[in-house]
Amino acid sequence: MTSASASSSATGSEASASAAEADGTAGPRPARTLRAGPLAAGLAVALVLALTAAVSLGAVDVPPGEVWSVVARRLTGRAQEPGTRDLIVWQLRVPRALLAAVVGAGLGLVGTAVQALVRNPLADPYLLGISSGASLGAVATIVLGTTLGLDLSFGSALGLTVSLAAFAGALGAFSLVWLLARRGGGFSPLRLVLAGIGIAQFLGGITSYLVLQTSDEQQTRGVLFWLMGSLGGAVWAQLAVPAAAVALGLALLQARARGLNAMLMGDETAAGLGVDVTRLRREIFVVTSVLTGVLVAVSGAIGFVGLMVPHVCRLLVGGDHRRLLPLSALTGALLLVVVDTLARTALDGQELPIGVVTAVLGAPTLLYLLDRRLERN
Amino acid sequence: MRIAVKDLSVALAGRTVVAGVHLVAKEGEIAGLVGPNGSGKSSLLRTVYRHLRPSAGRVLLAGRELGELSPAQSARHIAALPQERGGDFELTVREVVAMGRTPYKRAFAADDAEDHRIVADALVRVGMADAAGRRFAQLSGGERQRVLLARALAQQPDVLVLDEPTNHLDVRHQVELLALLREQRRTTLVALHDLNAAASVCDRLHVLHRGVLVASGAPRDVLTAELLAEVFGVRAAVVEHPLTGDPLIAFDHRTPARPADGQPTPDRDRQTIS
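Listed in order, the protein sequences are those of chains A and B.
The first sequence stops at residue 391 when you use the numbering used here, and every number in between is there.
The second sequence stops at residue 284 when you use the numbering used here, and every number in between is there.
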């Protein structure tokens, strides 16, 4: 009796398993592609751990437990007479770690969207000339400011002016690229890329000229900040705008994820699927440009993150933007928090420019990924 | 659903590439578009799947003007298989076919059980169910076209529009794909280079020459030696196919082609930089 009931329940579970197969949910999946949900959860956990490590490590090591107790005390408003370590954690390291996460998320997101926008997996957030405009705005302001004897170093009251000038420069570059790319009515990928590269070279030339004109050391440091990118100036006051921009950008892009998928196959295919390609491309261009402008304004042009993250994520979860966009944001955040911690702590008493670390780690990783991909094909 | 093109003209960069074309594909009919390169076939089809806007004239879907519908609305009725190959962005076959659900979905909406069923069904219909998890970019040309047809079917369209679907396919895959197309029994508008394939698959043929419609009718009425000489500039005999009874065009590959009346036109069927 018992054996009969056991065997019938076994057949029952087999039947349900084969039903799951038949409806396609358990069909053959490519081995490389992971489930997006668990992966996102894993990344989120890793991000929290990385943030903790980022705040904990540095010239003065603060144990993780103390990090969280400082955070808890501050968040509940029970901080009285903060000590030095409290100040280091709350005023210096937490904003910096959070800015790294926000900027990394933004760069990963924009990289993914721009690659779909111009249908080229080698595109990055800086391809369309936006960062060159931001750099020019910042550098011009720094040079002009020092000539006038103003203190524009990061974190100073006028440091914000540089960020605003960078953002204005980004918008200026965006307008130029827009005007050039829309001629002929198109916004075709090739037009966007050509206009972007042209404007980037043009503005880069002016920036180089200004850099050559700088003589004093402080100016050169300020200028290098913009050209290589840094999270060193992170302050609480400058977190809200980029965080809101990244959240809004993610929402706007996620709402267009199906359209982005369709655009990967080609403009005609997308049109046949009921996507208004010209309008979609215009919207994506605006969203990615504004977001890039905001990111560059607070952190300079940090390279390689926006190029590498989409590739890593595509290898992990495939090319569907509904999964790819949020995962690019998470992966970008994790990557930049880790990289910035390395940049701060790798050398004793000296901070490496973060752009140097992303390039040194990023270029070989990217080459490895692309090579593997070519071999598979 | 019936689709009609009325007095349709298309201009690209100020140049007229389709001029005043009238044609109708009746409910369930396969209407073939034939003509030399640059005759305007692709441009005409692009106005039907709304990649291009006509410079004059109208496209009517069951009597309703296409321009009155939103792009998503018309994509629920008309599915296209253009000539594009798409980039390699790590998409799986299932993801490509699921794109067919795009016109039915609002922002943020996930695929539901119904969508999964429609996608699985479309893959079964083109015989690619086993390939659902494979990477689209790694498929052969024939498999790829079948997957793209499945994507079009997942749109649950009343009208299929196909631009040279058999290009770059070997003869077996050409025969398979066209047989698959016939099985769908849907109103179909298809541009074909292979005149013999067009003769056996299409219910009616429409011949375009430099943007102008020069002949319409049943394949055996349209495909004559005179028309082939005039439009394509080639010498050919039209005989009866020994197996199917369809018109069979035997081309004379020894006599050099003369330019079809007047200057040869450059190949504008393919878009240049866009």
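No lab work stands behind these hints: they were computed from the structure.
We put the CB at the ideal spot given by N, CA and C, even for glycine.
Careful, some of the hints might be misleading.
No farther apart than 20 Å at their CA atoms in a straight line, the calculated lysine to any residue pairs in the SDA-like style are these [claimed, not checked]: (1) Lys-16/B / Gln-93/B; (2) Lys-115/B / Thr-359/A; (3) Lys-115/B / Leu-266/A; (4) Lys-16/B / Glu-39/B; (5) Lys-115/B / Leu-178/A.
Label-pair restraints from in silico Cβ distances [claimed, not checked]: (6) Leu-329/A / Arg-25/B: 40 to 46 Å; (7) Ala-86/A / Arg-95/B: 36 to 42 Å; (8) Arg-182/B / Val-374/A: 47 to 53 Å; (9) Leu-329/A / Phe-261/B: 55 to 61 Å; (10) Asp-231/B / Gly-212/A: 50 to 56 Å; (11) Tyr-382/A / Arg-116/B: 35 to 41 Å; (12) Ala-60/A / Gln-166/B: 55 to 61 Å; (13) Ala-228/B / Arg-49/A: 50 to 56 Å.
Identify every previously stated hint that the structure contradicts and give their numbers, smallest first.
-> 1, 2, 5, 7, 9, 12
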